[in-house]
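Colleague: On the provided structure of chain A, position chains B and C as indicated by the hints.
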Amino acid sequence: MAQTALAVDSPEHGTAAPRRVRRLAGRLGADGRAWLLLLPSLVFLCLFTYWPIVQVLLQALTIETFGSQATSLGLGNFDRLFADAAFTGALLNNLVYAVGTIAPSIALALALAVGLQEATRFNALLRTVVFFPVLLPLVAAAALFLFVFLPGIGLLDYYLATLGAGQTNWLGDPDLALWSLVGLTVWKNAGYYMLFFLAGLQAIPLDLYEAARIEGAGAWRRFTRITLPLLGPSLAFVLVIALVNVITQVDHVVVLTEGGPSGATDLLLFYIYQTAHESYDYGKAAAATVVSVAILLALSLVSLRTLERGVHYEAS
Amino acid sequence: MLTKSLKLLGATGLALGVGLGVAQAQTEIEMFFPVPVEGKLAKEMQSLMERFNEAHPEIEATAVYTGSYDETNLKTRAAIKAGRPPAAVIMSANFILEYQLNDEIEPLDPLIEAEGSSADAFMDRFWPALHGNARFADRVWAVPFHNSTPLLYINADHFREVGLDPDNPPATWQDWAAAASKLVKREGGETTRWGLMLPENYDYLGWIMTALTMSNGGLYYNPEYGGEVYYDTPSMLGALTFVHDLAHEFEVMPAAITDGKAVSTAFFAGQTSMVVLSTGSLSFIRENMKDDYRVAFVPRNVRNAVAIGGASLMMPKGLSEEKKQAAWTLMNWLTSPEISGHWSRFTGYFAPNRQAYELPEMKQFIADNPDAKVALDQLQYARSWFATYNTVAVRKALEDQVQAVITGDKQPKEALEAAQENADAQMRPYVEATALKLPASM
Amino acid sequence: MAAPRPLMRAGGARFDSGRLLAIALLAGVALVWSTPLLWMLVASLRPQNFGGLDMASLWPDFTPTLANFAEALESADFARLYLNTILVCAGILAVQLATITLAGYAFARLSFRGREVVFYGFLLQLMLVPPILIVPNLTTITRLGLYDSLLGVMAPYFASAFGVFLMRQTFRTIPRDFEEAAVVDGASWWQLIWRVLVPLARPGMVAFAIVSVVSHWNEFLWPLMVVSSLDNQTLTVGLASFTMGAESASQWGVIAAGTCLVAAPLLLAFGLFQRQFVNSFLFSGVK
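Protein chains in written order, with this note's numbering: chain A, 1 to 316; chain B, 1001 to 1442; chain C, 2001 to 2287.
Bound-form chain A, shown alone:
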């Protein structure tokens, strides 16, 4: 961290500050003051994030037997979890879904941001259109796409038929269903990521492009040598958000496929949701939660490193 707190550490000459707060803050010193500021957030984080994690961990290690109050501690839930083909299937699906969703959404968002960065009326209209799906509830989007994907009659087949294509069962073909969900997700999220790229682009000084142009650099070269490196922080940020999205959003699976056909669209969180709420196997669900939390942590540690590096870059 390059910066340190500076002036704020000097003694205050407060005027209208409530005396008690001032005195408390003064007595606490810099560390105490920081904790005081964090306190409101920490209270809610403890209640609704940390404590539930402890509960889930305990649940994952608790082995229950049907019809008996007695429980024991152990790794039995994890053994059962890894022996469950549905779990490994969901894990694999989620991987495909992540790669399949994140790469095109980000590429598309980036292309759209670069293409629409100039503030013309036309561009403003196009940005609005691309951003609209972000504003739609995922449940509602899924309800719409139920019709979009309807074989033969739905939006997609109706217009593809005018191009001479035949009927396709977008959600009912196990080889296609996951990719249909990928399509929905890209449609829903690309506009959101585009906004962050637009913000990042706005921060790049125009004279850099001028200089490059004078040196005779073409458009592609300018993009790879200036735009892309300077968008590093935005890219890292979007990557984190996108990673979180592919693991934590499953409303569309609930509405459209319920993980089918034959488990082809079963994603990790949906697996957890079903195991807990339909099979009441809270031990196995908790074990799966622990696994997915571990994956998320590992992923986010890596991407946060990149993020912090990007922020440094931006600050320098």
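Take the hints with a grain of salt, since some may be wrong.
To be verified - Below, in silico cross-link-like pairs of lysine to aspartate or glutamate (EDC-like), each with a Cα-Cα straight-line distance of 16 Å or less:
| hint | chain 1 | residue 1 | chain 2 | residue 2 |
| --- | --- | --- | --- | --- |
| 1 | B | Lys1373 | B | Glu1358 |
| 2 | B | Lys1324 | B | Glu1058 |
| 3 | B | Lys1182 | B | Asp1157 |
| 4 | B | Lys1043 | C | Asp2231 |
| 5 | B | Lys1182 | B | Asp1165 |
| 6 | B | Lys1043 | C | Glu2071 |
| 7 | B | Lys1437 | B | Glu1228 |
| 8 | B | Lys1043 | C | Asp2077 |
| 9 | B | Lys1043 | C | Glu2074 |
| 10 | B | Lys1317 | B | Asp1103 |
| 11 | B | Lys1290 | C | Asp2054 |
| 12 | B | Lys1081 | C | Asp2148 |
Said to hold, decoys possible - If the Cβ cut is set under 10 Å, some of the chain B residues that face chain A in the computed set are:
| hint | residue |
| --- | --- |
| 13 | Glu1200 |
| 14 | Ala1256 |
| 15 | Gln1271 |
| 16 | Val1402 |
| 17 | Ala1404 |
| 18 | Thr1407 |
| 19 | Glu1432 |
Stated by the list, open to error - Counterexamples of contact, computed for chain C against chain A with all Cβ distances above 10 Å:
| hint | residue |
| --- | --- |
| 20 | Asp2061 |
| 21 | Thr2063 |
| 22 | Thr2065 |
| 23 | Leu2066 |
| 24 | Ala2070 |
| 25 | Arg2080 |
| 26 | Leu2151 |
| 27 | Pro2199 |
| 28 | Val2206 |
For the record, the hints were derived by calculation from the structure and aren't laboratory data.
Even for Gly, the Cβ is constructed at its ideal location relative to N, Cα and C.
Modeller: Using the frame of chain A, we list chains B and C on its own:
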């Protein structure tokens, strides 16, 4: 005379309440209910509640809409876990068993007996097919509220077009496959009209497979014990092979998964000539179908048999005595012949209460709607619904495999073996704690 | 404020073929992107037509009807649903703005022992959304006596890792000169936050507000779980009543109308204020 004395009692109570300046304490109860058909049912339920509350000033009942059957199950679970159980729930009839296994619902026998009745007398008012999912393990656990069976719907115009008689719909699998082969339309390599479509999304598919297996002489779960299913059996193999052939041999049915909404939309649009859908869709199809249509029994191979569907009222544990009584009053009112018949005419479901069909308005309704009569007639061949320990997972173990057969990824025999193995694994905790819990060596 | 870019860049961008191709491609993407929503609009006004093969047609070749809207409105108390949703969004946002400003400031400007660790601890919440923790969270909400209340829907979101992160970034981009000047003038630390940093960070807050309101307006599973009485339901839960029927036949017009009703406020707000929305987004990421 009883009503008279009750009225008197009520009046006295009212007078006393006013006289002493004490406000009459109402018992407030909540009932969870799913809306499996259309949004307007939610409105209708609210107006039923108003009628109930008017007729029962001592009770303030609220109907809480809790989404689909599955969401209602989820919410009921959550409310019970959170220590705030509703007084009554309209629950998908095949989930009742699990609440009983987990000791989360009240047996209703004490309430029945307190009225001077017996469990036999109480259950006798309901169609026999509904008993299995309501009364088991020597107790009454649920009161049937509205019920359905799968039904074959055919497009009569299409039938006439290919020279088939719509008033003589296929009754056997042989006729069924033959009709479908005649009805299917192909242009080039593309099918432009399917002979038959089945709803194959989770839950619906399991119900359809139950019907086909039963029609093939089978019964793929143990109605007496929640730890056994019989997926890897000849009757099941025959049924699944038939489904496989419809998609891959005769090519009269899509070789991809079609969900209930897609099936009904295709039927309306004339893109399929036959469908199997719930009797719960009957009112909606009657009101909105443009083409001429007929309904018929689900065709048989060995015998006529289907499983019931629909929902029953149950009462979670952990209620105060007043709430129990109030909920019991509500449950009885909702399943009375009059209300049962009204709801049935409004929704298209059966009235589970047989006495409802003795009422003149119900007789008139059946006379006016011959399709409703077909549905009712099929009820005598109906049996109880698939229910086991861990019902959803055990059902899904089969459905995943059936879907793989339909999409051509697996052959029937290997699919059933995999389904059996997976289902056994899902039921193991229960089996080990019950049937396989044996005396250790002495 | 970020100055609008000149329409055409100096240095002479020509309308060459490459540029035309790019415009065509962008317009193509926008066309594809807009079709589902256009369909929603057209279908919601189309008379119920069961068995029609042209349900997917985007061409309004019919006399528009409000029957679908009437049926959607009839199946739920929309005034109540709108009010509840607004209350939930506003309540969450108000508390969040307080918590994230304070914490964001602490992470951006104060150095204290354990800052790194606590910061990563905060970021945990980015991943662990309520659907994952629904069972333990529901127990907590009930113990607090908040089951079936709007406050119960809001409470788990009062702390926001995303907001803290965004505010930290925003504060960091504000030059220290302002604070140093204020300190010289004798301002205390809390005056620094309230008088100097908060006004400068307003665009970041607006950006966060949009993200927060949009995500809670659209939230489904958690309100469905926490709320049981009709009086406390939110829009998405209401919408579920006509889209998620188990044995339902398909009423696409009504589904489209219901979706319209749920999404309309946000879409309209964005359409009207899109310049402000986008500008605040553009500002939040930069100096």
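Colleague: Work down the list of hints and note, for each, if the structure agrees.
Modeller: Hints, verified against the model:
1. B:Lys1373 / B:Glu1358: OK: Lys1373 of chain B and Glu1358 of chain B at ~14 Å, within 16 Å.
2. B:Lys1324 / B:Glu1058: 13 Å, holds
3. B:Lys1182 / B:Asp1157: OK: Lys1182 of chain B and Asp1157 of chain B at ~13 Å, within 16 Å.
4. B:Lys1043 / C:Asp2231: 14 Å, holds
5. B:Lys1182 / B:Asp1165: 12 Å, holds
6. B:Lys1043 / C:Glu2071: With a Cα-Cα distance of about 11 Å, the restraint between Lys1043 of chain B and Glu2071 of chain C holds, given a limit of 16 Å.
7. B:Lys1437 / B:Glu1228: 15 Å, holds
8. B:Lys1043 / C:Asp2077: Satisfied, since the Cα-Cα distance of roughly 10 Å is no more than 16 Å.
9. B:Lys1043 / C:Glu2074: It holds: about 8 Å lies between the C-alpha atoms, which stays within 16 Å.
10. B:Lys1317 / B:Asp1103: 8 Å, holds
11. B:Lys1290 / C:Asp2054: 15 Å, holds
12. B:Lys1081 / C:Asp2148: 14 Å, holds
13. Glu1200: This interface hint holds because 7 Å falls under the 10 Å limit.
14. Ala1256: Constraint on Ala1256 of chain B satisfied, holds at 4 Å.
15. Gln1271: With Cβ-Cβ at 6 Å, under 10 Å, it holds.
16. Val1402: 9 Å, holds
17. Ala1404: 5 Å, holds
18. Thr1407: 5 Å, holds
19. Glu1432: 7 Å, holds
20. Asp2061: Consistent with the label, Asp2061 of chain C stays out of reach of chain A, its closest Cβ about 14 Å off (over 10 Å).
21. Thr2063: 21 Å, holds
22. Thr2065: At about 18 Å from chain A, Thr2065 of chain C clears the 10 Å cut-off, so the statement holds.
23. Leu2066: At roughly 19 Å from the nearest Cβ of chain A, Leu2066 of chain C sits farther out than 10 Å, so the non-interface label holds.
24. Ala2070: The claim stands: Ala2070 of chain C keeps its Cβ more than 10 Å from every Cβ of chain A (closest is about 19 Å).
25. Arg2080: 18 Å, holds
26. Leu2151: 12 Å, holds
27. Pro2199: Label holds. Min Cβ-Cβ 17 Å, cutoff 10 Å.
28. Val2206: 13 Å, holds
Figure legend: structure checked against the earlier numbered hints; every hint is met.
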